[in-house]
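Engineer: Taken in order, these protein sequences are the chains called Y and H. One point on numbering: in UniProt numbering, the residue at position 210 of the first sequence is 210, and numbering is uninterrupted. One point on numbering: in UniProt numbering, the residue at position 110 of the second sequence is 110, and numbering is uninterrupted.
Think of the hints as simulated: they come from the structure by calculation, not from any bench. Note that beta-carbon positions come from the ideal geometry of N, C-alpha and C, so glycine has one too. Treat the hints loosely; a few may be bogus.
With beta-carbon atoms standing in for the labels, derived distance ranges [what the hints assert, rightly or not]:
{"hint": "1", "chain 1": "H", "residue 1": "Leu20", "chain 2": "Y", "residue 2": "Leu118", "range": "50 to 60 Å"}
{"hint": "2", "chain 1": "Y", "residue 1": "Arg83", "chain 2": "H", "residue 2": "Asp187", "range": "30 to 40 Å"}
{"hint": "3", "chain 1": "H", "residue 1": "Tyr338", "chain 2": "Y", "residue 2": "Lys278", "range": "34 to 44 Å"}
{"hint": "4", "chain 1": "H", "residue 1": "Tyr338", "chain 2": "Y", "residue 2": "His203", "range": "41 to 51 Å"}
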Amino acid sequence: MRLCTSAIALVVGLLVNPGAHASELPQRWVSAGGALTEWVAALGGESTLVGVDTTSQHPESVKALPSIGYQRQLSAEGILSLRPQVLIGTEEMGPPPVLAQVRGAGVQVEMFSAQPDLPTLKGNLEHLGKLLGNEAKARQLFSGYEQALNQQKSALVKAQSTQQAPGVLLLLGHAGGKPLIAGKDTAAYWLLQQAGGHNLATHTGYKPFSAESLAGLSPDVLVFADRALTGEAARAALFKENPILAATPAAKNGRVVELDPTLLVGGLGPRLPQSLVKLSAGFYPSQAESAP
Amino acid sequence: MTTPVRPKTLFIGLALLCVLAIWLSLALGPVSLPLLDTLRAALRLMGLPIDPQGLEQAELILGQIRLPRTLLGLAVGGVLALSGVAMQGLFRNPLADPGLVGVSSGAALGAAVAIVGGSLFGGLPDAVGPYLLSLCAFLGGLGVTALVYRLGRRNGQTHVATMLLAGIALTALAGSAVGLFTYLADDATLRTLTFWNLGSLNGASYSRLWPLLLVSAAVALWLPRRAKALNALLLGESEAGHLGIDVEGLKRELVFCTALGVGAAVAAAGMIGFVGLVVPHLVRLLAGPDHRVLLPASILAGASLLLFADLVARLALAPAELPIGIVTAFIGAPFFLYLLLRGRA
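Using the sequences provided together with the hints, build the complete structure.
Structural biologist: Here it is in structure tokens:
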């Protein structure tokens, strides 16, 4: 039976990917990082995933896979019960004794950096491509990604020559209630900066805001990321729970942009360039209109 | 209260329960091993010459994952329950638990310092780094307890009521300090802190295990020797003094053993609530208030109960895992309510 399965895997591997040693490539993967899971799927390795952690929410289909829990609180036996050959995750994966146990059981544990910059992503993608036996695709994905980011950047530079960078606040909430404002040293801060926004928050990390200090900041644009609701419902909930926000210039001018909160976890993911374009369009509205 | 169960019967029953818990803890897990393999691997781990052919996986899972975890559960459960008895004896109050003298809140504070301030200690040698959290939690528990004890002393005497109130005040103080650290923490450390507060036997390894085993063995051997003195203390402090008990020395020992035992348990497994409160009650319901029975029986009952709770924790959501503190509190809180309501009736 096992021989038969591996024979099929070999044949399929050879057909899909000539030149790679499919039989030597790991066929059972467990991913403990949201962005990594997305990249594995983008590289065509979705069928090799046998388990994912709770931060892996995209693509939709991985939600059906067994959940190994939160990336920092993994269980050695739980992971081993999935009989994986590879466990991938960012440096946030842990706790370390569990990783040591998993490694001790002969599972290849691959750590990737969650640093949000292109050289890191390049290294990560090359590594993933090698493990999946699809290096060409990895290179192709990276160059496409780089291109998309460069394009977004040059559009941004053009926009910034005619318009001032808007003052932005990013609110991370749960069904509108008690949102946290993203400050320095967060993925959100980096995202706002890349999209050309000027984050008005000066604190570090995600902190609850006081209504008074918010009134003094008068943001031009509000970005909201809601964990429970999406679209119009999230927007309505946000203003209903926090009436003070309605007095901001952003709300008065209708410049309120939505952001998927899963983008804020685990380094650069494949959906990032798209979201940046969307954010930039919100920050520099006239530019978006003139763009093709 | 009548004493329905004779001590001998109780001990045999609890010993059997404990053996069953140990066996289930070794035999069950997210990885399903054939029963025969588990048995053979277990015998091999005990040093019997058994053919290792085809046993690699079973031996690895048993030896490296389940056995250290089982030992951790035994030690933590036993020492928490024992400390619960000591505290209920000391305060002569059935609602006392080890948290009352500040050991839990002190440990939580130590852990918060280690987790949130951990980056500040980034330059520590590798040998210390992984143990920073446990060390800080242990020292925090010991420190706050020492302070509570010190505050309870006046004119060379320990006032239990003062100590109780000092414990409550310092618990609140430590709680607010933990809150401050929570506020300062970033997203990732916040999650770590939250999970630590819920406790877990996950990731047990021998290198972290042996300090706890030593401490809990010492406490488990020492405290039962004070059973008669604790029985006398039930009558009241002056009465115990008239019976020739060194009451001040006894109080000191009880507080010290609790701080040491609970501190080590919390350092190894995080906060695990309700075992220290509920297990002594369970045993008292079965066997009555005699500390000569209560102390050793609580060790067995606490150890078994924690192993069963851990089975739920590791199997309920497999391959993910539930923090064990959720399971114990889920069982413990309703039981606590039952005790309250029964007392009122």
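Engineer: Next, verify each hint and record whether it holds.
Structural biologist: Going through the hints against the structure:
no. : hint                               : verdict
1   : Leu20/H with Leu118/Y: 50 to 60 Å  : 57 Å, holds
2   : Arg83/Y with Asp187/H: 30 to 40 Å  : 32 Å, holds
3   : Tyr338/H with Lys278/Y: 34 to 44 Å : 55 Å, violated
4   : Tyr338/H with His203/Y: 41 to 51 Å : 46 Å, holds
Comparing the model with each numbered hint stated earlier shows that hint 3 is the single one that does not hold.
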